[in-house]
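Novice: Each chain is listed here by its residues.
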Amino acid sequence: MAQAGVLLLRLQNVKKVFNSFVAVDNVTLEVAEGEFVCFLGPSGCGKTTTLRMIAGLEMPTEGEIFLREKRITYLPPQQRAIGFVFQNYALFWHMTVYENLVFGLRLRRFPAAEINKRVHEIAERFELMDLLKVRAALLDLSAMQRVAIARTLLIDPHLLLLDEPLNNIRPGLREMMRADLKRMQQELGKTMIYVTHDQEEALTLGDRIVVMSKGKIEQVGSPQEVYDVPATLFVAGFIGRPPMNLFDVQYEVENGHSWLVWRQHRWCVDKVRNQIEAAQPEKGLVLGVRPEKLKISYEASGIPAKVLLVQPLGRKDVLTLDLEGTTVHGVIPSELRINVGDVVFVEFPPEGMHVFSTATKGAIVHGIS
Amino acid sequence: MASVEVKNISKIFKDKPVLKNVSFYVSSGELFCLLGPPGAGKTTLFRIISGLEKADTGGVFFDGKPVTSVPPQQRDVAMIFEDVALYPHLTGFDNIAYPLKLRRLPRAEIKKRVNEIACLLRIEHLLNRRPHTFSGGERRRVAIARALVRNPRVLLLDQPFTDLDAQIRHEMSAELKRLQINVGQTMLLATHDFEEGMIADRMAVINDGEIHQIAPPKEIYNSPITRFTASFVGSPAMNLFSCQLVRTATGCELRHPAFVLSLPWHPVTFPQQVWLGIRPEKIVLEKGGKIKARVEVIQILGAEQIVDLVLANGDRFKWVAPLSLSEKFRRGDELEFDFPISAIFLFDYETGHNLVRKEV
Amino acid sequence: MKRKNIAMTARPPVISAILWILHRLVVLLVVGVFLVPAVWLLSISFKPPTEWQVFPPTLIPRSPTLDNYIVLFKPEAPRGTAAAMLRVTEPVTKSFLNSLIVVPIATALSVTVGFLAAYAVARFRVGGAFMPFFVLTTRMFPPVAFAVPLLVYYRWLRLIDTPLGLILIYAGFTLAFSLWMTKGFIEGVPRHIEEAAILDGASPWRVLFTITLPIVKGGLAATTLFVFILNWTEFLYALIFTSTKTITVPVQLSHYVGAVGRFYGPQAALGVVASIPVVILGYMIQRYLVTGFSFGLIRR
Amino acid sequence: MRRLVAILKSLLYLFNREKFFKNLLVLPMQLLLNFLLLPPFAIVIYLAFVNWQPIFGSWTEAPFVGVNNFIRLFAEPRFYEALGRTFVIVIVAVAIEFMLGLALAVLFSRPFWGRRICTSVILYPMMLPWVVVGFTFYLLFLDHGPVNYVLSSLFGPSGMISWFRSPISAIVAIIIGDIWQWTPFMFLIFYSALGALPKDPKEAAMTLGASSWQIFRYITFPMIKPVVYVGLVIRALECFKIFDLVYIMTGGGPGVSTETLSLYIYRVAFKYGQLSYAAAVAIIVLLSIALVSRLAVRPLLKEVV
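These protein sequence lines map, in sequence, to chains A, B, C and D. For the first sequence, the working numbering assigns the number 204 to the initial residue and increments by one for each residue that follows. For the second sequence, the working numbering assigns the number 13 to the initial residue and increments by one for each residue that follows. For the third sequence, the working numbering assigns the number 4 to the initial residue and increments by one for each residue that follows. For the fourth sequence, the working numbering assigns the number 395 to the initial residue and increments by one for each residue that follows.
The shape of chain A in the complex, shown without the other chains:
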């Protein structure tokens, strides 16, 4: 299921167990040449362990890893030519920036002139020219990150693995560095696998996103797919900030029509009736609506709700509403003046209503229009 393009990396039923704790559970994935794939999931979901297995820093308990259809499962990292950027950059603190950059090339016994040319070329692109003589330990965070990536790129790796590299960089600077990374990736065409726990970072960077939880892959898809068509309840809850509003609903059939019922409100689901009935609705259904999709206004055309909290985020405000006892989040453009204590009316847009099965936690249908 890789995208179009030459298949570069293939993981087949990869499993990793740390004395009885299953860190990675039966992961199968294909990555094409030139792709920017993001591993997204909460801390401890096995994303970093998977990355380390691709780099050869950890050995899988089961399963195989193929690079250009050559088995590399138990090959030591030295022989995989796969670049790895660590979360705290792992520079050689006692060496200067120049020595860090040339380390890989010197191991490969490149001629000195060639090394110099390449290093200055990449130092130019990464704005490291005036830092070449500085000791790595004295650099600021963003410089460290640039040196870490440049050093890895210099050995021209098959692909580049990044383990939450922007984690300890302050928000303003982080957006800029994300854009730089994305632009550089597209220009160089270098395949990248990027691990992060920040869903916003994954959505903005990844061509494809692998959402993981508790060692398993929940969904693989484009940023659009994981946002609009979440495959499981976990993906729906994890992607999008504030998280999707979820309601336990019942499925009823009455005088020929099928309804989703929540408290005394009901929505007709005739158009998607067969999909819902195929997923044993009697075991319980969950209705999910994204806060941005909720229509919130003062006109009396929806379910009444009291505004508990207004959290401005600049161009939009996040509302916390009390909808008949359950807490619901909504998002409104900041021009719309709504303040705490008001009563507003909330409408569920049919095309924005996702239905999940409580039993399998899997998605049944997206949009009931």
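No wet-lab data here; the hints were simulated from the structure. Keep in mind that the hints are not guaranteed to be accurate.
Said to hold, decoys possible - No farther apart than 27 Å at their CA atoms in a straight line, the calculated lysine-lysine pairs in the DSSO-like style are these: (1) C:248 to C:97; (2) A:509 to B:230; (3) C:248 to D:665; (4) B:340 to A:519; (5) A:336 to D:665.
What the hints assert, rightly or not - Here chain D is said to cover these stretches of chain C; the calculated rule only asks that three of the stretch's residues, wherever they fall, bring their Cβ under 8 Å from a Cβ of chain D: (6) 22 to 32; (7) 39 to 48; (8) 99 to 111; (9) 150 to 162; (10) 185 to 192.
Stated by the list, open to error - If you want the footprint, here are the derived chain D segments under chain A, 3+ residues with CB under 8 Å: (11) 579 to 588; (12) 598 to 611.
Don't be surprised by glycine CBs; every beta carbon is placed ideally from N, CA and C.
Could you slot chains B, C and D onto chain A? The hints should help.
Specialist: Frame of chain A; chains B, C and D shown alone:
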């Protein structure tokens, strides 16, 4: 709960000025945010307010009374540090009860107040466990409980949520707002993430030890008075173009290597060189618009998409487009934009100050 | 950029297996070499006089006996030829008692004084960065060079051959280690924890005793044991500053070696008995020693 | 009564102020060190410039002789021999301990079954009373001890050496004893240094293609250099003080051929009673050690401060 006033605080550290004549007033029960990049002097200011450090000049006043000479023990200030600093050898209960034990309160009352604050912050299940078993969010709640249990005059939070996952970080800032409303505690929140600070009643933007602007968050977002504030508050940051300013009959003209804009008004002062500022979400895609740019990178962010565009002269800017427009363009397309006059800001090139408008 | 692959000799599994076995063999050899002296001392301590000088030397005593240990503590116990040969004058119990009085008290004094000073140095930079090194240099001077003036000073103070005299010397000359090790453990406690306690209303003393001390008590215990070992095994000062009343175990052993001549059995037995406490303590604090000993010099 | 409480309160307040608290903490150490160090410093200088021996009666009436003691010291061949011998022992012993310690630390850096037990076996010699170590090696190197037994079985009866008869073999025995007891100290320093190293740089070097030897040479060893330096300085200065081992194993014999500096001072001061002369020697040694440790510590200070 006390009001906090800081007057002309200056501090030099290793002959580098860390705070330059900082003054502001926080009324009792207010949630006040101190927003600025790391190294702007936020932590030093908090250490001066709490008494852990002395300022070179200026004074700190609680409810109008000077406390500059009062030692930290008697100043009744509570601080949540960036690394939370729970007592690792004490259980959750003992951590929260520690300040009350110091005040020699009877055991029964300590037990009552600790349980009270614990259920307010929903951490009853942590009381008899040790801190190393707590999650990031739980550690913050216990620290806040420890601070609030003694009703301090001021609660200082020094970048309390920076290393939490994004999801939990916004839950915690909402929690702060809820506590402020329920408990009415005067709080000062220092952070470098403007989204965290937007819940405050008022916000002070500080950089290199200088206060740039003090106003409610929305006002700072909509009318920043310095270039730094404009670029620091807002994600993605405000686009800034350096342009020549030319006076014309109908107002003024902004000359940029890639485009020329004419405005119906002109600033009171007339600097030669200015910064043209416009928020990414305010840019409008319009056939025949004056600004021509090529699409370089498209980043889809749920309900919106952030588009990186590059002008003819190589300047880059960002545009936030609603998803509904997504089919209209792809990477590499040449598009035309218009900058609505109402969304334009002008900043003096040298001083960075917002130029005052003068209607023609 | 053409990619040059690395000329790496992939290690076939066979070689890595051999390496694995080789590694284990070398480890065993090393452990053996370190055990040989102790085993030999033990075997002599269980041998009757007849086997002390036999050649070729036998590792396992043919007729093991406990006489050597018994004669240490009850020299008058008539046990056939061994006791007669030994003519040991006074029992070992006195030197053990002295050691068990002097060493613990000196250790406690050294660690307490060292901990308090370490806290001042770690938290308030008292005496600047050079202070800890100055204290370390007290450890650099050869003790015998220092003993010369000290002897005259002690004779004038009439402290020679008194427990107090020895306690002060032992506390003073292990202070450098107490200060250095506890300083490392105190610096391990994040400053913010203490500042949080200050803001909670705790006075500096209360912060030290209710916050810092409980957190570092593990490290403190290790330092105490380490200083105990240093004092228990000290020989030179004990030799010079004691004569009859307060001789310690190491001095007793040296008297044994000198006076008793070729009676290796009891000497070996005393050696074993003198080593047991410190070896046990050493095992207990091994974990702390491993972390404490990099002097905090490994950092980014 | 109320006034008393007020005074008490202000006293407590004073007591708690940081400056007072800070000095009170350091006071006990200053008292102890000053009591132990200051008077002896004065006495040793006084003694060095008079001529006194305990048998001459009270040391206050001793005649002033200026620098005679120093002149005699610098003309004393036995002093130079002792100094030379001590240097030989220090250089040989510390060098071997350094190499063995480093090799063992690397050997133990990769975890293996039973590593904890083996580490404690390697560390225990350091804890033993020096006298016991001296005595044990004395037994080992006896004419008919196990060492000679091994030698005779390897090289036949002629291979046996009577260790304590000739000076060279006696010194070799002493050095072997010192190495056995103090290699664990160097091992401990390197082992804890290797343990404290961050793991990431080594893994980064692996992904860049460095073999384990290249990682050790370019990454691991350079990063532990400051600790190696400290280890060497401390061990060298400690070894310079060698006394117990020599006192027990050879007693300085045969004759004075294995007498180290410490043993020489001990004999002169406490056996022959020439305290003035011993004071002169003590001053020279104290000054030279102070200079050496000051120089040795300076690069470290630059690094740490």
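Novice: Just pull the numbers of the violated hints for me, sorted ascending.
Specialist: 5, 8, 10 and 11
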